[in-house]
Amino acid sequence: MMTRLTIDEVRERVVNGTQKAADFAASFYGVIEDKNPKVNAYLALSNERAMAQAERVDAMAAKGESLGALAGVPVGIKDVLATKGVATTAGSKILEGYLPPYDCTAVARMEAAGAIVLGKLNCDEFAMGSSNENSAYGPVRNPVAMDRVPGGSSGGSAAAVAADMAVATLGTDTGGSIRQPAAFCGVVGVMPTYGRVSRYGLIAFASSLDKIGPLTRTVKDAATVLQVIAGHDEMDATSSTRPVPEFGEKLERGVKGLKIGVPAEFFGAGLDEEVRAAIEGTLDKLRAQGAEIVPVSLPHTKYAIPTYYLVATAEASANLARFDGVRYGLRAKPAAGEVQTLGAMYRETRSRGFGPEVKRRILLGTYALSAGYYDAYYKKAQQMRTLITRDYLEAFAKVDVIAGPTTPTTAFKLGEKADDPVAMYLADIYTVTGSLAGLCGVSVPCGKSREGLPIGMQILGRHFDEATLFQAAAGVERLHG
Amino acid sequence: MSEDKSNRGVTVEEVRRVAELASLELGEAEQLRMVKDLNAILGHIAELGEVDTSAVEPMAAGIPALPDAVAAQDSKDALREDLRRPSLDRAVVMAQAPETDGVFFEVPKVIER
Numbered sequence: 000m001m002t003r004l005t006i007d008e009v010r011e012r013v014v015n016g017t018q019k020a021a022d023f024a025a026s027f028y029g030v031i032e033d034k035n036p037k038v039n040a041y042l043a044l045s046n047e048r049a050m051a052q053a054e055r056v057d058a059m060a061a062k063g064e065s066l067g068a069l070a071g072v073p074v075g076i077k078d079v080l081a082t083k084g085v086a087t088t089a090g091s092k093i094l095e096g097y098l099p100p101y102d103c104t105a106v107a108r109m110e111a112a113g114a115i116v117l118g119k120l121n122c123d124e125f126a127m128g129s130s131n132e133n134s135a136y137g138p139v140r141n142p143v144a145m146d147r148v149p150g151g152s153s154g155g156s157a158a159a160v161a162a163d164m165a166v167a168t169l170g171t172d173t174g175g176s177i178r179q180p181a182a183f184c185g186v187v188g189v190m191p192t193y194g195r196v197s198r199y200g201l202i203a204f205a206s207s208l209d210k211i212g213p214l215t216r217t218v219k220d221a222a223t224v225l226q227v228i229a230g231h232d233e234m235d236a237t238s239s240t241r242p243v244p245e246f247g248e249k250l251e252r253g254v255k256g257l258k259i260g261v262p263a264e265f266f267g268a269g270l271d272e273e274v275r276a277a278i279e280g281t282l283d284k285l286r287a288q289g290a291e292i293v294p295v296s297l298p299h300t301k302y303a304i305p306t307y308y309l310v311a312t313a314e315a316s317a318n319l320a321r322f323d324g325v326r327y328g329l330r331a332k333p334a335a336g337e338v339q340t341l342g343a344m345y346r347e348t349r350s351r352g353f354g355p356e357v358k359r360r361i362l363l364g365t366y367a368l369s370a371g372y373y374d375a376y377y378k379k380a381q382q383m384r385t386l387i388t389r390d391y392l393e394a395f396a397k398v399d400v401i402a403g404p405t406t407p408t409t410a411f412k413l414g415e416k417a418d419d420p421v422a423m424y425l426a427d428i429y430t431v432t433g434s435l436a437g438l439c440g441v442s443v444p445c446g447k448s449r450e451g452l453p454i455g456m457q458i459l460g461r462h463f464d465e466a467t468l469f470q471a472a473a474g475v476e477r478l479h480g
Numbered sequence: 000m001s002e003d004k005s006n007r008g009v010t011v012e013e014v015r016r017v018a019e020l021a022s023l024e025l026g027e028a029e030q031l032r033m034v035k036d037l038n039a040i041l042g043h044i045a046e047l048g049e050v051d052t053s054a055v056e057p058m059a060a061g062i063p064a065l066p067d068a069v070a071a072q073d074s075k076d077a078l079r080e081d082l083r084r085p086s087l088d089r090a091v092v093m094a095q096a097p098e099t100d101g102v103f104f105e106v107p108k109v110i111e112r
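Chain order of the listed sequences is Y and F. Under numbering that gives the first Met the number 0, the first sequence has 394 at position 395, and the numbering climbs by one with no breaks. Under numbering that gives the first Met the number 0, the second sequence has 71 at position 72, and the numbering climbs by one with no breaks.
For the record, the hints were derived by calculation from the structure and aren't laboratory data. For every residue, glycine included, the Cβ atom is placed at its ideal position computed from N, Cα and C. Please note that a few of the clues may not be correct.
Facing chain Y, from chain F, some residues (calculated, C-beta under 10 Å) [unchecked claim]:
id, residue
1, VAL11
2, LEU31
3, GLY61
4, ALA70
5, SER74
6, GLY101
Generate coordinates for the entire structure from the input sequences, incorporating the hints supplied.
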């Protein structure tokens, strides 16, 4: 089937002319037309832009010109990433109909490598959520089990790959927003090291944590996309200037001799028994293939959720101050005959434009930063972040990667946690620590529950050592085909 | 659940004050909901009090200071040259503004006389 090919398979056909990029794009739009009304992964389609790009790629192929790593590959983009002239809402009513005047660097780099951008993918509002139920445009459904959530916040990005509505997608990860939906939908999702990928054109949530990364069906595809989007960008001063290595160089090497750290703290209370069994079974098989399984300790893991929710909400309260009805997006108009003040315009715009979870986080962040509470909450959280990061640096002195479950459970049902913010936050328990430490990480499928729900293994790597991360992930992928 | 003394909890007045700081307007029901939710979250956050962090440096950056061998791969010169370069086209930017005269963003009157 045309829509289940890997990046290299699509590219090869487009380059040698056996299949046209335009036909690939049309096939994917056919699948989207069929499945999206139920899954709700795409919020906007960019047909014109996609078909123009496909024709460009096909013309280059016909002339025998050299083509990029993503030539003709249909992709989808999370709706927190700016796309010039294509509606970008961040899943929020406050940005309904917003047409960005420029492209996000990661998207521009993918298109320069020949990718065909099919459209924009649904997500939790401003990437705040773990189930995609916080989107102002309706929840995404998990294509594996339609009564379940796809995870979040990059739920549309994971669901689109799982339902063959894109070969690869971009998501963003602040506390687990790529890895957790990848685990729930049974796809590969990569969070690169902090600074590896430019965030220019990313609608910011928490700037010391936000990262852009790929979701794909295979580990190799993820390495290919990351290769394209990685590297310094002068439009983002936080993007790293260090050279970008060949991410796929160790994919075929196997896991023999690889030291895999396993933290006891990732196997405590709250971990579903089927998830535990799948992870432990996978670790046993990796050991049988010559990997060394090393117990490590991350003693501050139990404080990760409160630490994360203080740091992330404090930063969010500052970042989201820009949505004020002046330069773009929604503006609340005065009622007939009413004289509106500037302050009232701000308040009415923001109150009408933001959904409940975004308001909750802005309030928590504002509270944590407010006079008299700063030291007790925000500074305290930053100090905890140091301790959590130190745990990792000590563990990585002994091991090459760290592995465990991505999530404590498989995908839960729509509505199951929607009314309980703390229960929802706890779904991120294994992913937030790696985010706080600025590490790279991946979720790779490693089995299914009896009900057929996907289970993901999270692997975390040293800062800027994505190549070893992919080596380990490829080892897991080979076990599970 | 027993009452946690270290967490006296936020009141509806505090929620109103914080909403004002954040330029948000909450209805009565929304205020009560936020009091409940913030207290649930702050109850969880109170666990951080168990750890003595008095001698710990706060981490503000997205990535820790890395060992010298790793950090050496970064360019020493992180500053770009201070050059004039094209910015976004005004007409394209203003096309997204809710209220504009084509040159400026328009807002309600700021100073009352």
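>> Check the structure against each numbered hint from earlier and tell me which ones fail, lowest number first.
In response: Structure breaks hints 1, 2, 6.
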